[in-house]
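Chains as they are written, first to last, in full-length UniProt numbering: chain A, 1 to 352; chain H, 1 to 352.
Keep in mind that the hints are not guaranteed to be accurate.
Copies of the same chain look alike in the list, so a pair counts if it fits in one copy or across any two.
Unchecked claim - Cross-link-like lysine to any residue pairs, in silico, SDA-like; alpha carbons within 20 Å at most:
1. K42 - E222
2. K42 - S24
3. K128 - Y57
4. K128 - G102
5. K42 - V32
6. K128 - P144
7. K128 - R72
Hints in this document: simulated from the structure, not taken from any laboratory.
There are 2 protein chains.
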Amino acid sequence: MSERDDSTPRAVTMRDVAQAAGVSVSTVSHVVNDKKGARIGKEARERVQRAVQELGYRPNAMAKVLVKGHSRFLGLVADAIASTPFAGQIIRGAQDEAWRHGYVLLVANTEGNEAAETEAIAMMLEHKVRGVLYSAWYHREVEPPAGLTETDCVLVNCFAPGGDLPAVVPDEVAGGYEATRMLLAEGHRRIGFINTTSPSPAHDGRLEGYRRALTDAGVSFEPDLVVDARPDQEGGFEAIGPLLAQDVTGVFCHNDRVAMGVYDGVRERGLRVPGDLAVVGFDNQEVIAAHLRPPLSTVALPHYELGRVGVRVLLGLDQPADDGRVVVGCPPVHRASVNVTAGVNGPPAAPH
Amino acid sequence: MSERDDSTPRAVTMRDVAQAAGVSVSTVSHVVNDKKGARIGKEARERVQRAVQELGYRPNAMAKVLVKGHSRFLGLVADAIASTPFAGQIIRGAQDEAWRHGYVLLVANTEGNEAAETEAIAMMLEHKVRGVLYSAWYHREVEPPAGLTETDCVLVNCFAPGGDLPAVVPDEVAGGYEATRMLLAEGHRRIGFINTTSPSPAHDGRLEGYRRALTDAGVSFEPDLVVDARPDQEGGFEAIGPLLAQDVTGVFCHNDRVAMGVYDGVRERGLRVPGDLAVVGFDNQEVIAAHLRPPLSTVALPHYELGRVGVRVLLGLDQPADDGRVVVGCPPVHRASVNVTAGVNGPPAAPH
Chain A
1 MSERDDSTPR AVTMRDVAQA AGVSVSTVSH VVNDKKGARI GKEARERVQR
51 AVQELGYRPN AMAKVLVKGH SRFLGLVADA IASTPFAGQI IRGAQDEAWR
101 HGYVLLVANT EGNEAAETEA IAMMLEHKVR GVLYSAWYHR EVEPPAGLTE
151 TDCVLVNCFA PGGDLPAVVP DEVAGGYEAT RMLLAEGHRR IGFINTTSPS
201 PAHDGRLEGY RRALTDAGVS FEPDLVVDAR PDQEGGFEAI GPLLAQDVTG
251 VFCHNDRVAM GVYDGVRERG LRVPGDLAVV GFDNQEVIAA HLRPPLSTVA
301 LPHYELGRVG VRVLLGLDQP ADDGRVVVGC PPVHRASVNV TAGVNGPPAA
351 PH
Chain H
1 MSERDDSTPR AVTMRDVAQA AGVSVSTVSH VVNDKKGARI GKEARERVQR
51 AVQELGYRPN AMAKVLVKGH SRFLGLVADA IASTPFAGQI IRGAQDEAWR
101 HGYVLLVANT EGNEAAETEA IAMMLEHKVR GVLYSAWYHR EVEPPAGLTE
151 TDCVLVNCFA PGGDLPAVVP DEVAGGYEAT RMLLAEGHRR IGFINTTSPS
201 PAHDGRLEGY RRALTDAGVS FEPDLVVDAR PDQEGGFEAI GPLLAQDVTG
251 VFCHNDRVAM GVYDGVRERG LRVPGDLAVV GFDNQEVIAA HLRPPLSTVA
301 LPHYELGRVG VRVLLGLDQP ADDGRVVVGC PPVHRASVNV TAGVNGPPAA
351 PH
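Please take these sequences and the hints and turn them into a complete structure.
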């Protein structure tokens, strides 16, 4: 690697721009930094803008911070960007919305490590971030690190006790309701629910949604049709046996991985999805849900939207409800695991 | 994150290195920064490198930042953080290594969008980044955006025509070799290979590795046993039929998603993995590979390591070979799809 100074031309300075535009350096500074209250004629402003273009002047963002007194940074703390695409989707939603408003995201991945988290927040504070999004890869209660009290903070896909900090979270109840509705709408009445063994808002909310959907359809709730299982393929594989023994014709699974295990369990018994058992997942984890045989009907966790709305709340563009929450919907995704002909989406376009 | 004077001993300076090596400070600077055109004798260069090692000198210590006109930022452009965990792993590896040397990553996700890319790089240049990692979520040739010529750049999981830019890439040939070896080691001789329909370094490299492994084992290459398929579950499902008809006893799949489709195809025929067909994947995509029934033996794509090494090359800590490349190995991951008893890893710990 070469040093920049001898491999690239000298950087264009504000002075160069001033000279080319025939104005003072402070006029250039005012235009470039969009200084409020500065009285600069339309024509001079245009000359500066033209010179900036022609010379390829790049304002130093650090210098702008000094001039403006705040940075264009928003911080985003994420806890698991390397293990699922979920945090990536939050980042993408947050970035799109941040850029729309002229902000840059400082992303820090902590993989749940407390020291990394402390360090990440210290770094963000050092950079005078406008505020911080503190996000979790699965919806849960968190204790936000102390450093966050030094800046504005919005919790994304998590919430804190007390509700002092705004929290943008998925609507677990409505998601569970939608998932169960997908089965009820196809005429199923004996519907199992493989929930998770982990105590969590997802556990309680999806169960409540399942119960409400049954009630609204005039189907009575049978506790035996709800099984808690490890929320992955192995859990689904184990849990489906006892449910099939109770003659369920449809099952709502805590997530897509559980549904994948259910498929395996169904096949081991020589049965078919959806003919012998209709299956609905949760998450819409692309690499799994769209590519099972048959493709899995599921409910999408709105990670992109959580990130996007998080930035809007941080910038004061959206307001949380009185309890500090902004609740984001979980839309149903219809494929072919409930009713073969109902699958509106075929397999997605070929990946690389 | 940063070197802290009160928690660490006095930082080793370039002057310390110069003294220990018996050369001038500028010679150290030239060696450490790999200055192009500098004439430094082999022996002096080696003395400097030894002193750097022995003293633990960090060429990009924080003290140099202002002098050099660089910020403490490294940029990382990623093209698909929302669709797979791969980019997240590159980010994680890059961040860990950047922090180790007192740098902060500015991450920009472009999802392959050219306008977003231009904007991202302009943002990074404005922040006077020390350099930029330009990464791709799958290994391929890229045309790096023009803006990157204004700063130091290292390509990660991609490369550019001409080889002017250093490129950190996975060793596709060795990966294909390892995957095939896993099957050969269990006595398989009729080994199919479901390759991808996409022209790519992965296509060519893994095929070459497959052929070399066969040759080294004294098995002749049969072109009919290589099938190109869409690199996902649907592709694997379609491709396995013709291979089974040719009595293969093992199959190497272009990636884990293809292997997942192969499992489905094998089951549809009432056959079993690995008893009737041994299967090896590629990628080690956690959410799939570890959770198939049986868990999938595969070869890991080293995304974390690619990100980590990318930062090291950018900071001058690792040197590319003469062709501009740094090649990173793809380690085999033994589970139970080749030999049930050979699976050293059971299912991983329960996720949330």
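**OP:** Could you figure out if K128 and G102 sit no more than 20 Å apart (CA to CA) within one copy, between two copies, both or neither?
**Re:** Close inside one copy (15 Å) and across copies (17 Å); limit 20 Å.
**OP:** Can you give me the call for K42 and S24, within, between, both or neither, at a CA distance of at most 20 Å?
**Re:** within (15 Å within a copy, 52 Å between copies)
Subject >> Identical-chain pair category, K128 with Y57, by Cα at 20 Å >> reply: Intra 24 Å, inter 13 Å, cutoff 20 Å: inter-copy only.
**OP:** State whether the alpha carbon distance between K128 and R72 is at most 20 Å within one copy, between copies, both, or neither.
**Re:** This pair counts as both: shortest intra-copy Cα distance 9 Å, inter-copy 14 Å.
Original post:
Between copies, within a copy, both or neither: which fits K42 and V32 at Cα up to 20 Å?
Top reply: within (14 Å within a copy, 49 Å between copies)
Original post:
Under a CA distance limit of 20 Å, which applies to K128 and P144: within one copy, between copies, both, or neither?
Top reply: This pair counts as within: shortest intra-copy Cα distance 19 Å, inter-copy 31 Å.
**OP:** Indicate which option fits the pair K42, E222 if close means a Cα-Cα distance not exceeding 20 Å: within, between, both or neither.
**Re:** neither (49 Å within a copy, 74 Å between copies)
In summary, the one numbered hint that this structure violates is 1.
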